[in-house]
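Enquirer: Protein chains in written order, with UniProt numbering: chain A, 1 to 145; chain B, 1 to 319.
These are calculated hints, taken from the structure and not from any lab test. These numbers were taken from a predicted model, which means no experiment stands behind them. Be careful, since some hints might not be right.
Within a straight-line C-alpha distance of at most 27 Å, the following computed DSSO-like cross-link-like pairs (lysine-lysine) qualify [stated by the list, open to error]: (1) A/K42 x B/K299; (2) B/K64 x A/K143; (3) A/K143 x A/K103; (4) A/K27 x A/K89; (5) A/K27 x A/K105; (6) B/K223 x A/K144; (7) A/K143 x B/K223; (8) B/K223 x B/K147; (9) B/K64 x A/K105; (10) A/K144 x B/K64; (11) A/K61 x A/K31; (12) A/K143 x A/K42; (13) B/K147 x A/K144; (14) B/K299 x A/K143; (15) B/K64 x A/K103.
For reference, the chains in residue letters:
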Amino acid sequence: MKKFVIAVSAIALATTAAFADVIADRKAVMKENGRQVGVLVKMVQGEADFDAAAVMAALTKLNENVQAIDVAASFPPGSDKGDTTASPKIWEDMAGFQAEVDKFKAVTAEAAAAPAQSLEALKPQVAAIGQSCSSCHETYRIKKG
Amino acid sequence: MNLPGKLAIAAVIAAGIGGLAFWYLTEPARIDAEAEAALGTGDAARGERIFWAGGCTSCHARPKSEGEALLQLVGGVQLETAFGTFVAPNISQDVNDGIGAWSREEFANAMLKGVSPSGRHYYPAFPYTSYARMRPTDVADLYAFMKTLPAVAGRTPDHTLDFPYNIRRGIGLWKLLYVDDAPVIAVDEGSPEQLLLGRYLVEGPGHCGECHTPRNISGGTDKSRWLAGAVAAEGDGVIPNITSGEGGIGDWSEGDIASYLETGFTPDFDSVGGSMVEVQKNVARLTSDDRAAIAAYLKAVPPHPNGYPARPSTETPSD
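Input sequences plus hints: build the corresponding full structure.
Expert: Okay, structure coming up:
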């Protein structure tokens, strides 16, 4: 009996370990999104000068990253355990989560197709992108301390 | 009479006195004449700021509302807590289902004393524990602003609470312990106006401490760990420490805090999430001076280590 418990724990351990890479990868993607958005936010907040070329570069990179998000590959069932802030709600409501991803893809595609040429035009673009980040984080992410 | 008999009578008398004391202590208190006089007539334009600072829409608008729909305060948001499920009621101007028939004084008693027009205690799921620190004039302004909002019909379901939490009178005792209009954090005489404004916004209308401060066993906020972060009252997860203590936001500048409240991005460009999203959207509607004041206050509150237990270092099954 004890052996059986140990075996089960080992399997649990092994699956958690297997998801470690998936989790690390999806977090790296998110961090990278944050970096690109950071370039834009700094301009909006007046910490950096408006630079159309940098805006275009950041939006292009962000959009490439976002279009590559594959929910099935990056959020397999069970990967809410481990070093992650993904909420179990993702797996309780996969369709809702997918809808947030689709919205995110649409918003970044639209911005990348027409990168802002002025600070005034950048503000609503950044606001729309920020809205899609927080809308998903509101429901599908949870800080665990 | 034998001894057990005498004891029994003594117990009944004691219980009677206890019951009287209970009844007396739990008697709903109303605002005093001074506060009532201080209400004034109210100004709707000024009241809009208080409305967003107070975050009424987070609980009293339909979940996930945006734009004009935010102003339809029809209620319905469910708050699932350890005591049971609370449902935020309709506070639109509908005279039957909402608060359209309320006087300014009745509204002030709800906000500042947690007492209904018929003299019942409200549950502190309605954060009057913080609103009690609001200035009467701000409450009157808020009342005037809310008068400009639409009347929407519709009754919300009742709360579903476990015994003994379903006995409203009992809240009276709890209120004696935990409702206080005095500021939480003492600041030095002659402190800058900005710090005082920040304290007012955070401790009063902003009710930031209701989520960010750990609670003791009876559900009161633990003021000795003010804003130290807490286990979330609803669902799992934690609310972060927003003091400068270990695990908190000591490495955020005042500008970082103000910028987070305005844009929803952290200093390392993570995005706001969870129940803070609604708060951030509301605070983004205030002026940059208000946000700077909140930031100045957060930098001035005493630092505390995290008010929630550390996460186990491995999440692999331990049993």
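Enquirer: Take the hints in turn and mark each one as holding or not.
Expert: Hints, one by one, checked against the model:
no.: 1; hint: A/K42 x B/K299; verdict: holds (22 Å)
no.: 2; hint: B/K64 x A/K143; verdict: holds (20 Å)
no.: 3; hint: A/K143 x A/K103; verdict: holds (23 Å)
no.: 4; hint: A/K27 x A/K89; verdict: holds (17 Å)
no.: 5; hint: A/K27 x A/K105; verdict: holds (17 Å)
no.: 6; hint: B/K223 x A/K144; verdict: holds (23 Å)
no.: 7; hint: A/K143 x B/K223; verdict: holds (23 Å)
no.: 8; hint: B/K223 x B/K147; verdict: violated (35 Å)
no.: 9; hint: B/K64 x A/K105; verdict: holds (21 Å)
no.: 10; hint: A/K144 x B/K64; verdict: holds (23 Å)
no.: 11; hint: A/K61 x A/K31; verdict: holds (13 Å)
no.: 12; hint: A/K143 x A/K42; verdict: holds (25 Å)
no.: 13; hint: B/K147 x A/K144; verdict: violated (41 Å)
no.: 14; hint: B/K299 x A/K143; verdict: holds (22 Å)
no.: 15; hint: B/K64 x A/K103; verdict: holds (16 Å)
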